[in-house]
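Student: Chain residues, written in single-letter form:
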Amino acid sequence: DTGVSQDPRHKITKRGQNVTFRCDPISEHNRLYWYRQTLGQGPEFLTYFQNEAQLEKSRLLSDRFSAERPKGSFSTLEIQRTEQGDSAMYLCASSSYRVDTDTQYFGPGTRLTVL
Amino acid sequence: AQKVTQAQTEISVVEKEDVTLDCVYETRDTTYYLFWYKQPPSGELVFLIRRNSFDEQNEISGRYSWNFQKSTSSFNFTITASQVVDSAVYFCALSDPSRTGRRALTFGSGTRLQVQP
Numbered sequence: 001d002t003g004v005s006q007d008p009r010h011k012i013t014k015r016g017q018n019v020t021f022r023c024d025p026i027s028e029h030n031r032l033y034w035y036r037q038t039l040g041q042g043p044e045f046l047t048y049f050q051n052e053a054q055l056e057k058s059r060l061l062s063d064r065f066s067a068e069r070p071k072g073s074f075s076t077l078e079i080q081r082t083e084q085g086d087s088a089m090y091l092c093a094s095s096s097y098r099v100d101t102d103t104q105y106f107g108p109g110t111r112l113t114v115l
Numbered sequence: 001a002q003k004v005t006q007a008q009t010e011i012s013v014v015e016k017e018d019v020t021l022d023c024v025y026e027t028r029d030t031t032y033y034l035f036w037y038k039q040p041p042s043g044e045l046v047f048l049i050r051r052n053s054f055d056e057q058n059e060i061s062g063r064y065s066w067n068f069q070k071s072t073s074s075f076n077f078t079i080t081a082s083q084v085v086d087s088a089v090y091f092c093a094l095s096d097p098s099r100t101g102r103r104a105l106t107f108g109s110g111t112r113l114q115v116q117p
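Residue numbers (our numbering), protein chains in the order written: chain G, 1 to 115; chain F, 1 to 117.
Isolated chain G (complex conformation) (with noise of 0.2 Å):
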C-alpha cells in the first residue's frame, strides 16, 4: 500500500514565474487536502476535495493560487505569478472516513522557492 507521493519535491522559481504542483493521493482515500508550512511553523490549510469536488479553501488561497482535482484521484496545485512571500513547502494529505475515520495521512511535501 503506497502512500501519498507528491511531485516534484523541490522546485526553484524566478519571481514571477508559474508552478504547479501534483499530488497523488493513497489509492482508496476520496478526500485530498493541500497545506502550506513555512519554517518554524505548523502547516496551515489552503483547501480541500472530496472526490472532485473542491469543499472549502481557506482566505490564505489568493486569486493566484487553483487546485484541481479533475477525475477525483490526483491534485495539482497551481501558483501564478510566484512572488518570494510564496516560498515555503507545499504539503498535500488524503484521508477516508471508511478507511480510517478521516485521518489525514501526508506526503512528502513540495518546496518550493521564489528567487
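Treat the hints as calculated values from the structure; they're not laboratory data.
It should be emphasised that the depicted structure is a prediction, and the values quoted were computed from it without experimental measurement.
Note that beta-carbon positions come from the ideal geometry of N, C-alpha and C, so glycine has one too.
Misleading hints may appear alongside valid ones.
Said to hold, decoys possible - Per label pair, the in silico range of CB-to-CB distance:
#1 F:T31 <-> G:Q50: 15 to 23 Å
#2 F:E15 <-> G:R59: 41 to 49 Å
#3 F:D18 <-> G:Q54: 43 to 51 Å
#4 G:H10 <-> F:E15: 28 to 36 Å
#5 G:T2 <-> F:E17: 17 to 25 Å
#6 G:K57 <-> F:E15: 38 to 46 Å
#7 G:T101 <-> F:T5: 22 to 30 Å
#8 G:H10 <-> F:I60: 15 to 23 Å
#9 F:D18 <-> G:E52: 43 to 51 Å
#10 F:R28 <-> G:N18: 34 to 42 Å
#11 G:Q50 <-> F:D55: 20 to 28 Å
#12 F:E59 <-> G:P8: 20 to 28 Å
Following the hints, put chain F in place on chain G, whose structure we already have.
Tutor: Here is chain F on its own, set in the frame of chain G:
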C-alpha cells in the same frame, strides 16, 4: 475559532529521559478530534494518534502515551525512555467538523525535541 497552542518551542533531553510535550486547544464544538504528528528532519509528517472528544481514556503505545483532559483542554504527549530517533518536531492538531463541516486541521506551532546521546 479553533486554536492550538504548543508553548514549548524546543526541548532538549538526554537519551533515556522521559519527556512530556504540552498541547492546549480551543474550540466551541462539543465534538472534535485531536491529533499528534511527528515531523523528522526528512520533512514528512507522520501520523501518531487520533483522539475524539468523547473518549477521554488515556492511551499508551509502546514508549508513547497520551493524556487527554477536557477539563483543562489539554492533550499532552509523553515519550518514556527517549531515544535519539525521537528527535523531531512534534505537532498537535485539532479538527472540529461537526458544526461547521470544516475538515481542515488546525495545527500548533510545533515543539522541536532534541534527544542527545
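Student: Please go over all the hints and tell whether each is borne out by the structure.
Tutor: A quick look at each hint next to the structure:
1. Against the hinted window of 15 to 23 Å, the Cβ-Cβ separation of T31 (chain F) and Q50 (chain G) comes to about 19 Å, which satisfies the hint.
2. Look at E15 (chain F) against R59 (chain G): about 44 Å separates their beta carbons, and that is inside 41 to 49 Å.
3. The beta-carbon spacing between D18 (chain F) and Q54 (chain G), approximately 44 Å, falls within the hinted interval of 43 to 51 Å.
4. Against the hinted window of 28 to 36 Å, the Cβ-Cβ separation of H10 (chain G) and E15 (chain F) comes to about 32 Å, which satisfies the hint.
5. With their beta carbons about 36 Å apart, T2 (chain G) and E17 (chain F) fall outside the hinted range of 17 to 25 Å.
6. Taking 38 to 46 Å as the suggested C-beta distance range, the pair K57 (chain G) and E15 (chain F) conforms, at roughly 44 Å.
7. In this structure the hint that T101 (chain G) and T5 (chain F) lie 22 to 30 Å apart at CB holds, the actual value being about 25 Å.
8. Range check, H10 (chain G) to I60 (chain F): about 38 Å between beta-carbon atoms, so the 15 to 23 Å window is missed.
9. Here the CB-CB span from D18 (chain F) to E52 (chain G) is close to 47 Å, well matched to the stated 43 to 51 Å.
10. Checked against the hint of 34 to 42 Å, the pair R28 (chain F) and N18 (chain G) passes, with Cβ atoms roughly 39 Å apart.
11. Between Q50 (chain G) and D55 (chain F) the beta carbon distance is about 25 Å. The supplied range of 20 to 28 Å therefore holds.
12. Separation of E59 (chain F) from P8 (chain G) is about 37 Å and departs from the stated range, judged on CB atoms against 20 to 28 Å.
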